[in-house]
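**Q** Sequence:
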Amino acid sequence: MAGLELEERLAYIVLLSIPHQLLLTYDYLSKPVESIFYTIGCRKHGVYGSNCDIPCPINCKDNTCHIENGSCLQCEPGWFGGYCNRSMSFNTNTS
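Numbering (full-length UniProt numbering), first residue to last: 1 to 95.
Rather than coming from a laboratory, the hints here were simulated on the basis of the structure.
As the structure is a computational prediction, the values presented were derived from the model and not from experiment.
Backbone N, C-alpha and C define an ideal beta-carbon position, used for all residues, glycine too.
It cannot be assumed that every hint is accurate.
Claimed, not checked - Estimated spans, in silico, between C-beta atoms of each pair:
hint, residue 1, residue 2, range
1, 73, 50, 11 to 21 Å
2, 55, 86, 14 to 24 Å
3, 53, 89, 26 to 36 Å
4, 63, 87, 14 to 24 Å
5, 43, 89, 36 to 46 Å
6, 77, 45, 17 to 27 Å
7, 88, 50, 31 to 41 Å
8, 74, 54, 11 to 21 Å
9, 81, 49, 13 to 23 Å
10, 89, 50, 33 to 43 Å
11, 89, 51, 34 to 44 Å
12, 44, 89, 28 to 38 Å
13, 74, 52, 12 to 22 Å
Based on the provided sequences and hints, a complete structural model is requested.
**A** As structure tokens, this is what we get:
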């Protein structure tokens, strides 16, 4: 940062990748004045949890689930419930 003009320093932004988060720090004369955390998800698809190591439920559509609690955003056909663990039964008997 030494040697940067004041205008360049005012616009200096540091991006630091953290699991689940992106740390955005605005640098004003080398002193952070604001930090904002944004949830960006796991790097690996089909997992959730604080360490991104728990597989999404098997019946979640497109193997996609909520990053914190693993609930499904949508279910595969024939399944329902928050974790898509309830099967829809179709009775085709017409007796």
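**Q** Each hint: holds or not?
**A** Status of the hints after comparison with the structure:
1. Residue 73 and residue 50 have their C-beta atoms about 19 Å apart, which keeps the hinted 11 to 21 Å range intact.
2. With their beta carbons about 19 Å apart, residue 55 and residue 86 fall inside the hinted range of 14 to 24 Å.
3. Distance hint check for residue 53 and residue 89: the Cβ-Cβ separation is about 33 Å, which falls inside the suggested range of 26 to 36 Å.
4. In this structure the hint that residue 63 and residue 87 lie 14 to 24 Å apart at CB holds, the actual value being about 18 Å.
5. Remark: the range hint 36 to 46 Å for residue 43 to residue 89 is upheld by a beta-carbon distance near 38 Å.
6. At about 20 Å, the beta-carbon gap between residue 77 and residue 45 stays in the expected band of 17 to 27 Å.
7. A C-beta distance of roughly 32 Å is found between residue 88 and residue 50, which places it inside the suggested range of 31 to 41 Å.
8. In this structure, residue 74 and residue 54 meet the distance hint of 11 to 21 Å, their C-beta atoms being roughly 19 Å apart.
9. For residue 81 and residue 49, the hinted distance range of 13 to 23 Å is satisfied, since their beta carbons lie about 20 Å from each other.
10. The hinted range of 33 to 43 Å is satisfied by residue 89 and residue 50, whose Cβ atoms lie roughly 36 Å apart.
11. Taken as a hint, the range 34 to 44 Å holds for the pair residue 89 and residue 51, whose Cβ atoms sit roughly 36 Å apart.
12. Distance hint for residue 44 and residue 89: a CB-CB separation of about 34 Å, consistent with the stated range 28 to 38 Å.
13. In this structure, residue 74 and residue 52 meet the distance hint of 12 to 22 Å, their C-beta atoms being roughly 20 Å apart.
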